[in-house]
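Heads up: the protein sequence lines correspond to chains A and B, in order. Just so you know, we're using my numbering here: the first sequence kicks off at 1 and counts up by one. Just so you know, we're using my numbering here: the second sequence kicks off at 1 and counts up by one.
Treat the hints as calculated values from the structure; they're not laboratory data. From the three backbone atoms N, C-alpha and C, an ideal C-beta is built for every residue, glycine too. Incorrect hints may have been included.
[Claimed, not checked] Straight-line alpha carbon distances no greater than 16 Å define the calculated EDC-like cross-link-like pairs of lysine to aspartate or glutamate that follow:
1. A/K87 with B/E41
2. A/K87 with B/E95
3. A/K67 with B/E187
4. A/K104 with B/E41
5. B/K42 with A/D83
6. B/K42 with A/E62
7. A/K98 with B/E95
8. A/K98 with B/D182
9. A/K65 with B/E187
[To be verified] Stretch-level coverage of chain A by chain B, calculated; a stretch enters the list once three of its residues show a Cβ under 8 Å from a Cβ in chain B:
10. 86-95
11. 98-110
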Amino acid sequence: MKYSLPLMPNSYGSLVYRALAVSGVACLATPSVHAQQMTVSFDIPRMKVAEYHRPYVAIWIEDEKGKAVTTLRVLYDVDLKADDGRKWLADMRGWWRKAGRNAKMPADGISGPTQAPGTHRVSFAANKRPLGRLAAGSYKLQVEAAREVGGRELVTVPFNWPGKGAKTYSGKGKSELGAISLTIKP
Amino acid sequence: MSIKRHLKSIAIALPLMGLIAGPADAHRRWLLPSATVMSGEKEVVTFDAASSNELFVFDHRAMPLNDLVVLGPDGKAIDAKILGSGATRSSFDVEMAKQGTYRIALVNGGLMAFYKLGQERKRWRGTAEELDSAFPEGATDINISLVSGRTETFATLGAPNETALAPTNQGLEMVPVSHPNDLVVGEAAQFKFLIDGKPAADMEIEWVRGGTRYRDTVEDMNLKTDAAGIFEVTVDEPGLYYLEASVSDDEVSIPKVNSRRSSYSAVLEFLPL
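Given the sequences, and given the hints that come with them, work out the whole structure.
Right, dumping it as structure tokens:
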């Protein structure tokens, strides 16, 4: 298998690895169908602040009416020993209201630890959790970040699914998030 | 008729009568939550209870907590941890161990009377049982009313639910059309008022955003319930809002008591989008 790389020491890398592995399996299981693939890249900006904590980040998809269709990724203090890291999930108040408050965290294949500043990439395969089966249409990719003793920002990237051929959509945050891109590939 | 129920609630509230703020006290009464929308397995939310002029500033008196009723997400009463009362505010913690919506209320009721002794105007507060011995000889112009009040706020851990919000069908109450912990700017919010379980129609509602100290005008809105007891409001600034309403009627069947005044106030939080 093309994606059978060793687990990377960086836990974020393992997220990418896992998502890619899942899509690889999907291809094997249904060789006649091309599984559409979605890759989200998001930038966590470096901050010059006295007290810095890595942001909580939620990535989810809403339909045209603003209803949450699926949560793709939630980065939070999963392993906080002294406290329950879920205490601050509600700070991502857009995601919390649309999806989070009805979701169970941690969730396998969705939740993961917070990440350091830099560009991060996560991939999802159609018809597999957490992306699932999306009906053709217009959607919004929502990326929300909330930082302890810091700000909160939501970036919306509208896109069409599945669309024709490969296509990249992009958005940009002003404070808590940098460049966001969404690439859909057949 | 719900007179029996009223009498019962008066009897319960009676030992505390000296503490309740009657309608003559024009100050705003409120319960201020530290947060209204929370996540996690469990959480502690803390509240201040005060009557004041400015919102939400401790500029008058502490509200007594004898009448505190906290309902958990299953509709059952839970104990609050009373922290104490200062001159201008009382404080308490509520431990949220269950997921869902908590209804926090100060519920009071009793009798109030105005009368004259010679040329002097006097006021009396007490219970139906105490009524026989309430007034000295020579008292004239006796006017007795039943007063009841409810001061509320709401807090939710996890997904909101409505079990604790079920009406008691006693006095003036607000029940959700919109959930009180699912309020955001720019989205119309609707609530329904009931008096003894029936729609409180055509009732005026005072609606004020917090932070009055930092602006020149109160910016209060006078809203009104429709025939079904429902009012709608859309706010464009996030924050804590205060609402107050009252109804006077003669729905009371205690001998010699000729009117009733029911009041309600609540604090609601609207979050930014």
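Unmet hints by their number, sorted upward, for this structure: Of the numbered hints, 6, 7 do not hold.
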